[in-house]
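Peer 1: Between the sequences and the hints, there should be enough to build the whole structure, so can you do that?
The primary structure of each chain is shown beneath.
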Amino acid sequence: MSDKVLRLQRVCHSFDGIDVLQDISIDIGEGEFVVIVGPSGCGKTTLLNLISGFHKPVAGSMIRMGQTRMVYQSDGLLPWMTVAENIDMGLPRSTNRASRARQLSELLDLVRLERFANHYPYQISPGMRQRVELARALAGEASILLLDEPFSSLDYQTRLLMRRELAHLLARRASTVVLVTHDIEEAAQLADRIIVLSGHPARKTFELSLEAARPREPTDEVVVEAMRRLLNHLGLLNVGLTKQPERRKDALAKDALAAVSI
Amino acid sequence: MLGKSVALPVATGLAGVAAWSLICSLQFFSASALPSPVEVVAGFGEEIRSGRLAADLAASLYRVGIGLVLGTLAAVPFGLWLGCYRGPRAALLPAVNFFRGLSPLAWIPFAILWFGIGDAPVIFLILMPAFFTLTLATAAAVANIPDVYFRVAADYGIKRMALLRLITFPATLPQIITALRLTAGIAWMVVVAAEMVSGRDGLGFAVWDARNGQRADLLVCNMIVIGLIGVMLDRLLQYLTRVRSVRWGYER
Numbered sequence: 296m297s298d299k300v301l302r303l304q305r306v307c308h309s310f311d312g313i314d315v316l317q318d319i320s321i322d323i324g325e326g327e328f329v330v331i332v333g334p335s336g337c338g339k340t341t342l343l344n345l346i347s348g349f350h351k352p353v354a355g356s357m358i359r360m361g362q363t364r365m366v367y368q369s370d371g372l373l374p375w376m377t378v379a380e381n382i383d384m385g386l387p388r389s390t391n392r393a394s395r396a397r398q399l400s401e402l403l404d405l406v407r408l409e410r411f412a413n414h415y416p417y418q419i420s421p422g423m424r425q426r427v428e429l430a431r432a433l434a435g436e437a438s439i440l441l442l443d444e445p446f447s448s449l450d451y452q453t454r455l456l457m458r459r460e461l462a463h464l465l466a467r468r469a470s471t472v473v474l475v476t477h478d479i480e481e482a483a484q485l486a487d488r489i490i491v492l493s494g495h496p497a498r499k500t501f502e503l504s505l506e507a508a509r510p511r512e513p514t515d516e517v518v519v520e521a522m523r524r525l526l527n528h529l530g531l532l533n534v535g536l537t538k539q540p541e542r543r544k545d546a547l548a549k550d551a552l553a554a555v556s557i
Numbered sequence: 007m008l009g010k011s012v013a014l015p016v017a018t019g020l021a022g023v024a025a026w027s028l029i030c031s032l033q034f035f036s037a038s039a040l041p042s043p044v045e046v047v048a049g050f051g052e053e054i055r056s057g058r059l060a061a062d063l064a065a066s067l068y069r070v071g072i073g074l075v076l077g078t079l080a081a082v083p084f085g086l087w088l089g090c091y092r093g094p095r096a097a098l099l100p101a102v103n104f105f106r107g108l109s110p111l112a113w114i115p116f117a118i119l120w121f122g123i124g125d126a127p128v129i130f131l132i133l134m135p136a137f138f139t140l141t142l143a144t145a146a147a148v149a150n151i152p153d154v155y156f157r158v159a160a161d162y163g164i165k166r167m168a169l170l171r172l173i174t175f176p177a178t179l180p181q182i183i184t185a186l187r188l189t190a191g192i193a194w195m196v197v198v199a200a201e202m203v204s205g206r207d208g209l210g211f212a213v214w215d216a217r218n219g220q221r222a223d224l225l226v227c228n229m230i231v232i233g234l235i236g237v238m239l240d241r242l243l244q245y246l247t248r249v250r251s252v253r254w255g256y257e258r
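So the protein sequences, as listed, match chains A and B.
Just remember that my numbering sits 295 ahead of the position in the first sequence, which is counted from 1.
Just remember that my numbering sits 6 ahead of the position in the second sequence, which is counted from 1.
Just so you know, these hints were derived from the structure itself, not from any lab.
By construction, the Cβ of each residue, glycine as well, lies at the ideal position given by its N, Cα and C atoms.
Please note: incorrect hints may appear among the correct ones.
As the list claims (entries may be wrong) - Using 20 Å as the maximum straight-line C-alpha spacing, the simulated EDC-like pairs for lysine to aspartate or glutamate come out as follows:
1) K351/A <-> D153/B
2) K499/A <-> E444/A
3) K165/B <-> D383/A
4) K499/A <-> D314/A
5) K165/B <-> E380/A
6) K299/A <-> D487/A
To be verified - Computed from the model, here is a short list of chain B residues facing chain A with C-beta under 10 Å:
7) P152
8) Y155
9) V158
10) A160
11) Y162
12) I164
13) I173
14) P176
15) R253
16) W254
17) G255
Peer 2: The following block contains the structure:
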């Protein structure tokens with residue numbers, strides 16, 4: 296597994312006799328950005344917990360090179376520490392004071408939070424908190440970043456900004472990333488490879504590779520096409536929807552234009 | 007102009023004093039059983055001039071202060087230890103609960119037998135409820151720390167003493183401070199009762215002394231001081247909740 300940093304082979308997991316993950320095999324190469332998509336509660340978080348070593352798989356094997364760093368779905372910042380202290384936790388213990396301070400200011404600069412270094416998490420916005428978590432996770436060298444629905448609690452606008460932010464961060468600090476989400480658009484905007492899991496128990500049902508530079512806009516052709524294929528795979532295209540009559544669409548477009556010109 | 011937060015309580019206080027004067031003038035109780043506001047003000051003057059009030063206040067505050075400090079220093083580490091380890095918790099928590107439920111006043115006979123009269127028995131009587139209340143609150147606070155903080159600690163290699171210093175203790179601090187306010191309230195009540203029977207000075211002794219000397223005016227003076235100091239003690243400890251690194255615990 297020369298350039299592979301993570302290899303799951305036929306991994307199964309269950310809680311109290313209920314199968315959660317079934318026969319999951321995934322290879323992840325160094326520097327790859329893999330997004331795992333699946334319905335809420337399908338076992339995506341369990342998969343991350345297996346990768347991080349928090350759970351041991353019931354069956355199958357996992358080989359992992361390097362440490363993992365997790366960004367949690369619930370707020371994982373320590374509320375009694377400032378932004379700077381939280382990020383400092385991520386820096387290697389061995390580094391000396393001067394180089395620690397330098398790295399810290401680099402990281403603060405990276406997530407554009409220099410001015411908030413001495414703020415506490417409760418004093419900044421949810422989007423800023425998420426950036427602090429990313430900076431903390433990226434502070435260590437050569438680790439696999441595990442992101443557990445990191446943006447799911449944010450509003451749509453902030454989510455879009457955070458995706459762009461994450462893409463920029465990774466352009467400056469290459470890292471292997473496994474992100475789980477139920478958001479297909481997020482997957483299409485960020486992933487090198489998208490893996491779709493079914494629910495209960497989770498099985499791998501679909502895989503899609505994307506070769507396009509990041510950041511990508513939701514309206515980029517490659518993103519739209521990826522979403523179309525994912526939705527099609529999930530059987531969600533045109534489900535229960537009837538086509539709007541042409542006439543109605545025009546009326547809507549006119550309304551929209553009118554609203555803009557006011 | 008006075009804000010409502012000042013004007014309303016002052017108005018309530020004046021109304022109370024007026025009602026008190028009215029009851030006195032109606033002679034519901036004999037003059038020796040209920041002093042008038044004027045007599046009490048005169049009593050205050052007497053207590054302040056003689057220096058007794060200041061000395062009693064200092065004695066009571068000293069005992070409560072020492073009792074709370076010793077109690078906190080002992081209870082917080084003990085509570086953290088109980089909170090972190092299942093075995094000691096299972097073995098000792100029922101006993102801690104038993105002693106917390108036991109009225110500290112029940113210890114008065116032993117306090118006098120063991121420590122005689124003076125500061126020591128009173129401090130002992132404050133230490134008892136302070137220690138057990140704070141221990142229980144700290145242990146419970148540890149049990150309530152969200153799992154994610156320990157996951158984060160594990161991700162970043164924080165272990166043992168660093169775990170205690172960086173995670174467990176700061177995570178419980180807001181609840182410890184809340185318990186400390188509660189404990190200070192208990193201690194302030196206990197000190198009065200304890201000094202009545204095992205003191206030579208202090209506000210509680212002053213209350214008892216006034217009763218023995220049939221000086222109802224001085225009795226009321228001391229009661230007013232005890233009440234006011236109780237409020238001020240809580241206000242003072244409330245400042246701790248404004249410390250930036252614990253404020254997160256109160257904003258939900």
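Peer 1: Now tell me if each hint is right for this structure.
Peer 2: Results of checking the hints against the structure:
1. About 18 Å separates the Cα atoms of K351/A and D153/B, which keeps this hinted pair within 20 Å; it holds.
2. For the given pair, K499/A sits about 18 Å from E444/A by alpha-carbon distance, which is consistent with the 20 Å threshold.
3. A distance of roughly 16 Å separates the Cα atoms of K165/B and D383/A; the hinted pair therefore holds under the 20 Å criterion.
4. As the CA atoms of K499/A and D314/A are separated by approximately 14 Å, the hinted pair is consistent with the 20 Å bound.
5. Straight-line distance between C-alpha atoms of K165/B and E380/A comes to about 17 Å, which keeps the hinted pair within the 20 Å bound.
6. Distance hint between K299/A and D487/A is fulfilled; the C-alpha atoms sit about 15 Å from each other, no more than 20 Å.
7. With its C-beta approaching chain A no nearer than about 8 Å, P152/B sits inside the 10 Å limit, and its interface hint holds.
8. Proximity of Y155/B to chain A holds as hinted, the smallest CB-CB distance being about 6 Å (cut-off 10 Å).
9. This hint holds: V158/B has a C-beta 5 Å from the nearest C-beta of chain A, less than the 10 Å allowed.
10. Checking A160/B against chain A: minimum C-beta separation of about 8 Å stays under 10 Å; hint holds.
11. Contact between Y162/B and chain A, as hinted, is supported at the beta carbon level, the nearest pair being about 5 Å apart and thus within 10 Å.
12. Interface hint at I164/B: satisfied, since its Cβ lies 7 Å from the closest Cβ of chain A, which is below the 10 Å cut-off.
13. A distance limit of 10 Å between C-beta atoms decides the matter here; for I173/B the minimum to chain A is near 7 Å, and the interface restraint holds.
14. Restraint check, P176/B versus chain A: the minimum CB separation of about 4 Å is within 10 Å; hint holds.
15. Nearest Cβ of chain A to the Cβ of R253/B: about 7 Å, under the 10 Å cut. The hint holds.
16. With a cut of 10 Å, the hint placing W254/B at the interface with chain A holds, because the nearest CB-to-CB distance is about 4 Å.
17. Given the 10 Å rule on beta carbons, the hint for G255/B holds: about 8 Å separates it from the nearest Cβ of chain A.
Checked against the numbered hints listed earlier, the structure breaks none of them; every hint is satisfied.
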